[in-house]
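Colleague: What follows is each chain in one-letter form.
Protein chains: 2
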Amino acid sequence: MKIGIYGYGNLGRGVEDSVKRNADMELAAVFTRRDPASLEIATENVPVVHTDDIDEWTDKIDVMIICGGSATDLPEMTPALSEKFNVVDSYDNHSQISVHYKNVNDKAEKSGKVALISCGWDPGMFSLNRLYASAILPDGNDYTFWGKGVSQGHSDAIRRIDGVIDARQYTVPVEDAMNRVRSGEAPELTARDKHKRECFVVAEEGADLERIRKEIVTMPAYFEPYDTTVTFITMEEMKRDHSELPHGGSVIRTGVTGKDDCNKQVIEYSLKLDSNPEFTGSVLTCYARAVYRMAQRGEKGCKTVFDVAPADIIAVSKEELLAHML
Amino acid sequence: MKIGIYGYGNLGRGVEDSVKRNADMELAAVFTRRDPASLEIATENVPVVHTDDIDEWTDKIDVMIICGGSATDLPEMTPALSEKFNVVDSYDNHSQISVHYKNVNDKAEKSGKVALISCGWDPGMFSLNRLYASAILPDGNDYTFWGKGVSQGHSDAIRRIDGVIDARQYTVPVEDAMNRVRSGEAPELTARDKHKRECFVVAEEGADLERIRKEIVTMPAYFEPYDTTVTFITMEEMKRDHSELPHGGSVIRTGVTGKDDCNKQVIEYSLKLDSNPEFTGSVLTCYARAVYRMAQRGEKGCKTVFDVAPADIIAVSKEELLAHML
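Protein sequences, first through last, are from chains P and Y.
First residue of the first sequence? That's 1 in the numbering used here, and the numbers climb one at a time after it.
First residue of the second sequence? That's 1 in the numbering used here, and the numbers climb one at a time after it.
Where hints are given, some of them may not hold.
The list cannot tell twin chains apart, which means a pair is met if one copy fits it or any two copies do.
[Unchecked claim] Calculated lysine-lysine pairs in the DSSO-like style (CA-CA distance at most 30 Å, straight line):
1. K214 - K194
2. K259 - K110
3. K239 - K110
4. K84 - K194
5. K110 - K60
6. K194 - K102
7. K60 - K259
8. K2 - K214
9. K318 - K107
Hints are computed from structural coordinates only; laboratory data are not their basis.
These figures come from a predicted structure and were not determined experimentally.
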């Protein structure tokens with residue numbers, strides 16, 4: 001199947017790497033809003049096309065994987081591209097997913113295309129695990145811990161502070177809270193109980209470091225509800241020690257079964273990722289396979305990971321799955 | 001939806017407990033090969049029916065959950081019951097699943113019923129996690145660890161030894177091997193590297209304990225390939241310390257992404273279960289919901305967890321799923 005990548009940042013490069021690892025797929029083209037000549041991609045002999053010329057590609061792409069940001073790109077891009085292509089996106093603004101769903105579904109129902117939204121690991125694999133665990137243990141509690149990993153949104157928030165040149169923020173789960181959850185204790189946990197925030201900041205020469213620190217730790221929603229540490233470093237240290245994008249986390253559900261709720265049952269799904277964008281890209285790629293198959297069967301409209309039968313995401317025959325994976 | 005339970009051992013009782021916890025289900029009847037008058041079930045005002053009278057129930061049961069053993073019961077029961085009912089079973093003889101699938105599918109295709117086989121946690125949730133992780137990380141390695149938990153098959157094997165009155169065998173994963181896997185090292189591991197076997201045995205008075213120990217630790221396939229410890233205890237100790245059926249385990253996949261495979265990605269799914277039969281029963285129950293919905297939509301034939309869209313197993317509306325679980 002022929003894959004298009006729409007947008008070539010960290011996520012787009014992650015998808016490109018993943019497509020190479022899946023023998024039943026080929027990368028047909030990369031689409032960019034920048035000057036195509038300015039872009040060097042990692043795959044040989046694949047065209048880089050300006051988004052203005054996308055209409056020439058409607059018959060040459062089976063699934064378009066949209067690698068834009070959730071804040072402003074995807075709310076526009078995904079509905080628009082659903083008019084012409086089967087698509088997958090990683091829209092991750094949890095509170096607005098229902099709105100995004102409706103906008104995309106309206107377009108995809110009309111065009112007869114399949115559009116799968118909010119794919120990746122959260123939303124995505126973490127959502128799936130919340131669903132499976134909640135269905136199995138209706139009497140229970142869900143916990144999601146993130147990290148240790150880089151939060152781009154929190155890093156950006158620090159960069160907007162006056163006197164800051166660069167910043168990297170790590171979300172760190174509180175190990176003690178995770179262990180209380182795993183024990184089946186079902187604790188009530190505040191934001192502060194669950195996560196710490198560690199910030200590494202490069203400041204302008206002569207900047208008032210104490211003022212910057214205070215602006216960070218008191219920032220509402222982003223940092224105020226958490227225990228936050230701020231460490232000032234040099235640009236050399238930033239480049240040397242903080243250039244990677246690791247992430248991960250755990251979804252834990254604890255529930256009870258049996259007479260008088262006597263038995264505790266604990267389900268945990270966890271990820272430890274050296275590269276967040278490459279892992280997210282890998283999830284998008286295998287769901288592109290499912291989108292292709294659903295489209296082949298004549299399905300249409302907006303879908304999520306909840307709607308996809310697991311067998312549809314893997315390039316293994318039904319017979320092989322029964323014999324070796326079940 | 002109206003649920004029938006076919007067979008009332010540990011698993012049947014686990015399903016019964018789970019049905020009570022799901023408001024959209026009711027237990028219609030329990031079917032037994034024993035004298036129904038001899039059976040006291042945990043739910044009030046639900047009939048216990050002899051399996052000879054099952055034909056009177058074909059219109060009164062939406063999904064029959066078959067709680068028989070995989071060695072001899074399910075290969076007969078599931079195809080036979082698929083002629084008359086939508087069914088779910090927990091057939092767990094991994095090497096024979098393809099044969100069981102064909103036998104059940106032939107009957108269910110003809111009768112127009114939906115039959116979901118090999119549900120539970122392994123096969124079942126562990127299989128799903130092997131599939132999801134393999135699809136996401138095609139360049140990687142899978143590891144399944146079981147325990148700590150009671151293996152009924154291994155306990156039974158010890159009980160068949162001359163001079164043994166009772167036995168309980170715990171499968172114990174080797175922590176060091178799990179940690180090597182989690183590190184992304186991708187080690188080659190033998191059976192002995194991955195699991196230990198701990199046996200607690202009640203022997204007849206005057207029995208030759210050293211002979212019994214040797215017969216256990218040298219038993220081919222069951223114990224010979226593992227480091228096995230044997231501890232002789234009294235019947236009182238057996239009842240006091242080993243009456244529960246805990247289990248659990250982990251499915252771990254480690255894979256690589258990025259230029260020159262530079263990034264390690266680790267996915268782990270783990271279960272810690274106070275009661276294996278109650279957890280397995282809980283999985284069967286929510287897949288009974290999916291079977292009901294698939295049958296309502298006119299689907300038929302044999303299915304596995306790989307064929308079921310996650311949204312079908314949970315009693316939550318699509319709108320709620322989008323707003324709160326994705």
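Colleague: Within, between, both or neither: how does the pair K239, K110 come out at a Cα-Cα threshold of 30 Å?
Modeller: Result: close neither inside a copy nor across copies, 48 Å intra and 65 Å inter.
Colleague: If the cut is 30 Å between Cα atoms, do K2 and K214 qualify within a copy, between copies, both or neither?
Modeller: neither (51 Å within a copy, 60 Å between copies)
Colleague: Pop the pair K259 and K110 into one bin, within, between, both or neither, using alpha-carbon distances up to 30 Å.
Modeller: Answer is neither: 51 Å inside a copy and 40 Å across each miss the 30 Å cutoff.
Colleague: Quick one: K214 to K194, C-alpha cut-off 30 Å, is that within a copy, between copies, both, or neither?
Modeller: within (22 Å within a copy, 50 Å between copies)
Colleague: One pair to classify: K84 and K194, alpha carbons no more than 30 Å apart. Within, between, both, or neither?
Modeller: Close neither inside one copy (43 Å) nor across copies (51 Å); limit 30 Å.
Colleague: First find the shortest C-alpha distance between K110 and K60 inside one copy, then the shortest across copies, and answer within, between, both or neither for a cut-off of 30 Å.
Modeller: Within one copy, since 20 Å is at most 30 Å while 41 Å is not.
Colleague: At most 30 Å between alpha carbons: which applies to K318 and K107, within, between, both or neither?
Modeller: Between copies, since 19 Å is at most 30 Å while 33 Å is not.
Colleague: Are the CA atoms of K60 and K259 at most 30 Å apart within a copy, between copies, both, or neither?
Modeller: Intra 59 Å, inter 27 Å, cutoff 30 Å: inter-copy only.
Colleague: How do K194 and K102 come out at 30 Å by Cα distance, when the copy is not named: within, between, both, or neither?
Modeller: So K194 and K102 fail the 30 Å test inside a copy (33 Å) and across (48 Å) alike.
Violated hints for the displayed structure, listed by number in ascending order: 2, 3, 4, 6 and 8.
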